[in-house]
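**Q** Sequence:
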Amino acid sequence: MTLVLCPLISQNQLPLANGFLEDIENNEFQYWSHQANEGGEATYSIETNDLVAGSTKALKCEVHSLGANGWHVSSKSEYPFQVIAGQKYTVTFFAKVEGADSRQVKLVFQSDVSGSYQGQNIWITNEWQRYSHTFTVEHSSDNNRVRFWYMQSDVTYLLDEVSISPGDRITFQPEEKHQTVDGFGAGIKRRTEQLYVLNDSFREQIEQYCFNDLEVNMIRFFVYHDLEPENDNDDPYSLDESQLDWTRYDSDPTIWRTRYVGEALQNAFSQSINGFDHIIGNCNSAPAWLKTNGQHNGGGTLISGGESEFSEFLVAFLNGMESRYGIEVTAISPTNEPDYEVSYESMNTTPSELSSILINLNSRLSNSGLNYIDIVSPECFRVESQNSGTSATNYINTMFENSAVEEAVDIVATHTYADPNHNANWNALKVAANGKPVWVTESANLNSTDQSMTDAANYIKWIIRGFNEGGVTAYMLHLFYEEADNNGYSSLVAWTPIGEIILPKRYHSFKHFTNLVKKDYSLISSASSDENGVFVAGFISDDESKVIVQIFNEGNEKDLSIDIPLGAISVETFLTTNNDSQEFSSLGTYEIDYYNRYFTTTLPELSLTSLVFDIDESLSNSEFNFINNNDFQVELFPNPAEDQLNLILPDYSNYNVKIFNLQGRKLIDRFSNNKEVLLDMSKFQKGTYLLKVNSTRDKRTVTKKIIKQ
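Just so you know, the numbering used here puts 236 at position 236 of the sequence shown, and the rest follows in order with no gaps.
Hints were generated in silico from the structure; no laboratory data involved.
All values reported here derive from a predicted model rather than from experimental measurement.
Treat the hints with care, as some may be off.
Below are the DSSO-like pairs computed for lysine-lysine, each with C-alpha atoms no more than 30 Å apart in a straight line [unchecked claim]:
1. 686 / 708
2. 675 / 708
3. 519 / 461
4. 675 / 704
5. 518 / 461
6. 705 / 57
7. 88 / 106
8. 57 / 704
9. 558 / 436
10. 683 / 658
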């Protein structure tokens with residue numbers, strides 16, 4: 001199958017007959033030969049237990065002796081395939097060993113052309129794993145083969161699902177699940193006052209783009225320092241609510257400090273399709289009277305012994321948002337970029353100081369009946385740093401030396417600003433988090449005037465690297481919206497003073513994640529054999545009915561092959577490029593043949609491609625042991641069919657004919673000893689079905705896809 005980012009065109013796979021290793025005859029795999037000579041000794045058999053997902057048979061080789069030269073035991077595909085000089089070919093396979101922790105196998109790519117031999121030693125573990133290697137061939141040949149040499153004795157090797165594809169290959173394994181997704185979103189910090197001076201119609205268009213079209217489920221906003229402009233009293237456990245100033249959250253255009261936050265949040269919620277799972281209050285600075293520098297900006301930190309008053313302030317915010325505006329905040333963050341001293345609203349607490357704040361806050365939330373509120377920390381300026389006093393990684397490493405702090409923090413959070421070259425050590429943050437969820441709560445290429453995929457590339461790489469390497473479970477941009485000016489902007493949606501709405505490529509790229517990857521989906525293992533500018537992330541839905549694969553090509557146009565997950569019945573493709581007509585564009589949905597294990601595609605330069613596979617798990621159950629037998633032909637017509645389907649079978653014999661829907665329910669089950677069979681489909685609904693014919697005499701099986709129109 002070839003995906004050309006126009007129509008999807010079906011074509012033959014690169015031939016490797018019986019690469020699935022399901023077809024057997026006389027208790028031997030077809031198109032495979034096995035050697036154990038020159039003193040080599042091995043027992044070859046068929047394994048049917050403890051296999052990879054969807055498999056029913058694997059090749060088993062018990063190596064007793066390797067022979068005189070130590071390499072005389074092997075398995076070789078005897079079905080030749082064509083290769084072209086100068087092109088790449090990728091071999092993938094599943095394997096494991098028994099009787100050892102790990103052993104080597106040599107994967108060989110060779111034709112009858114002198115000098116064509118290529119080999120690669122690969123270490124195989126004692127658990128089923130997917131392996132791959134890409135060869136670049138120097139000689140064209142119509143007679144190429146692949147071979148596995150077993151490199152150690154007194155061990156058992158098992159092989160399955162051998163596949164050869166042209167070019168580099170993107171692989172993924174839905175059965176290898178990692179962290180669960182919490183969601184995607186952005187902030188409305190410091191920009192609500194800009195939006196709410198616009199006329200209602202224009203403002204609602206912007207909010208529609210942000211909260212409806214994007215399908216986000218996370219939003220972050222300010223805990224304003226002047227909510228408590230002066231100490232309400234000297235008792236941090238008895239709040240005088242009359243001393244709180246909610247002007248920032250109210251909608252009063254006659255007061256310049258008004259920020260319309262309550263209204264902005266409610267409008268976001270009303271626009272949302274799926275609702276907001278995470279509503280995060282973030283405190284840039286404690287009130288000035290609680291600060292060492294006596295002001296809300298310019299750094300400073302909390303005064304000695306001020307933790308209880310600060311906790312009272314934060315709890316007052318949480319309770320007031322619900323009682324005044326009906327907004328249930330789900331998470332609270334007491335600091336913002338404590339490792340980065342700035343002139344605007346800020347507070348620079350050390351890891352030790354922040355630890356005291358977190359322990360106190362955790363206790364206060366519990367005592368106030370708010371223990372369901374998550375604590376998010378530390379929200380540092382950068383992911384990791386060699387400087388012990390900066391970065392989320394260093395803060396967490398230091399704070400988590402105290403078990404009470406580790407218990408207090410529910411979500412480890414970071415920003416990405418100090419990673420312009422995309423070389424941050426995300427894994428260090430994952431290790432420091434010690435299994436806790438990791439959120440990116442602010443991310444931006446600040447003051448950008450670039451609306452192209454060059455700018456969007458930053459966000460795509462932060463997301464993909466963060467999920468794959470950093471254990472990230474949620475990703476948020478700095479801002480949903482802001483007014484654009486000559487200094488640039490970093491929001492998802494912007495508008496000009498003359499009333500134009502701007503949707504930069506980062507907006508359309510973000511839709512690949514917000515619209516396709518939902519809460520409770522899981523990251524799956526994925527990789528690309530092309531390490532030059534190709535970034536891949538894979539996800540699977542919680543009910544395992546969808547696999548989503550996102551591929552970012554940062555370089556020039558390139559051809560490669562992409563896995564098809566077991567049980568996939570269709571794939572829809574979405575594309576974003578620098579072309580104005582390719583923003584978050586669906587290229588259509590195409591059906592997939594069960595037997596295909598990959599398709600080939602051309603990725604445009606600087607593009608983000610998402611593949612959404614619909615999975616039918618019933619295709620991998622025992623009723624659907626799909627076996628290709630080239631000598632068992634069934635003709636059927638018409639296909640698509642309206643009322644009746646005619647089958648022409650190879651001869652007069654005993655056949656069991658079944659039809660299933662794609663949910664695995666059996667609709668027809670009948671026996672026939674005729675060469676022609678007429679099936680009534682008049683009561684079937686329009687759609688795709690699976691026809692399975694068993695020859696009860698010689699146990700052969702064929703399965704075909706049929707369509708009722």
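**Q** Against this structure, judge whether each hint is valid.
**A** The hints, checked one at a time:
1. 686 / 708: holds (5 Å)
2. 675 / 708: holds (23 Å)
3. 519 / 461: Between residue 519 and residue 461 the Cα gap is close to 20 Å, so the pair holds against 30 Å.
4. 675 / 704: holds (17 Å)
5. 518 / 461: holds (19 Å)
6. 705 / 57: holds (23 Å)
7. 88 / 106: Holds, because 19 Å separates the two Cα atoms, which is no more than 30 Å.
8. 57 / 704: Distance ~21 Å between residue 57 and residue 704 Cα, so the pair holds.
9. 558 / 436: The hint is violated at about 38 Å.
10. 683 / 658: holds (16 Å)
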